[in-house]
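Peer 1: Using the sequences and the hints given, assemble the complete structure.
Protein chains: 2
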Amino acid sequence: MKDVVSRCPIEETMRVLSGRWPTLLLYYLKDGTKRFSDLRRDNPTVSHRILALELRKLEEAGIVRRTAHAGYPLRVDYDLTAPGLKLVPLIDALGDWWEDTEDDLTGRVSSTAETKLVKAA
Amino acid sequence: MKDVVSRCPIEETMRVLSGRWPTLLLYYLKDGTKRFSDLRRDNPTVSHRILALELRKLEEAGIVRRTAHAGYPLRVDYDLTAPGLKLVPLIDALGDWWEDTEDDLTGRVSSTAETKLVKAA
DNA sequence: TGTAAATTACGCACTATTCTGTAACCAGGT
DNA sequence: ACCTGGTTACAGAATAGTGCGTAATTTACA
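Residue numbers (this note's numbering), protein chains in the order written: chain L, 1 to 121; chain C, 1 to 121.
Any given hint might turn out to be false.
Note that identical chains are pooled: a pair holds if it fits in a single copy or bridges any two copies.
[Claimed, not checked] Think about it this way: if two alpha-carbon atoms lie no more than 20 Å apart in a straight line, the pair counts; the simulated SDA-like pairs of lysine to any residue are:
(1) 30 with 7
(2) 86 with 10
(3) 30 with 11
(4) 30 with 8
(5) 30 with 93
(6) 57 with 11
(7) 57 with 100
(8) 57 with 99
(9) 30 with 16
(10) 86 with 97
(11) 57 with 102
(12) 57 with 19
(13) 34 with 47
(14) 30 with 10
(15) 57 with 97
FYI, nobody ran anything at the bench for these hints, they're computed from the structure.
Peer 2: Here's what the structure looks like:
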């Protein structure tokens, strides 16, 4: 019997992608191999602690591959695995969706949310 | 000039979908209209407070439409908006990705993450 | 030549912020 | 009084940021 990790694949995926950084890191890594310091430069608002934790989470999820070069100033490369690469277009699609949705939202009249009130007969 | 909500559409999308519930709610709402109590039954682990908050967040994001029926036991319906419906297949795709990835992951040897160590010359 | 300083990718401890749950309460309609 | 949907108040849990330390080696400089 296979280990029962969880029932819902969507839930599992979101467990990995949830949060501010995972999709952003995927976005920056899709260009190719990056080092820790590169990723820090890419988004300066993430703390090194969180970046390390997020990268490890992505590594454990099998999305990111970590390559440590032994030696001097300690160099570590990160790049996407095959599953990680397959994830990129899906994330891009979410971005495209937002751009479509944005138009729909600006087309609304009510400032925030529209709550329809239906009078019962 | 358009209001500068944020720079990155992916980041914005994830701001809405991040967390455990948004995608699950989308999943349950894709079947059609549901009431507050239905959604509570669908996933019993969410507290009513969080459910109300999440639904309001999705409503404000334009993904979910709230319809309050005045009258007896006070009835509120939730269903997906057009943008919300367009989001469903994208989320399904993430679920499919997980199922593909799962096979890749079970194919690995190392128990957790594989960190390649490269010897420097 | 000896020694201090810099570099890179973190780990650890502590603090600040945010999220979540529990429970109670409220409002409108019968 | 009772139902459904929702809010507020407070506590506790989870998460994020800050700053310091470390490994091994090269460089800076007297």
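Peer 1: Could you work out which of the previously given hints the structure breaks and list their numbers from low to high?
Peer 2: Violated hints: none at all, because every hint is consistent with the structure.
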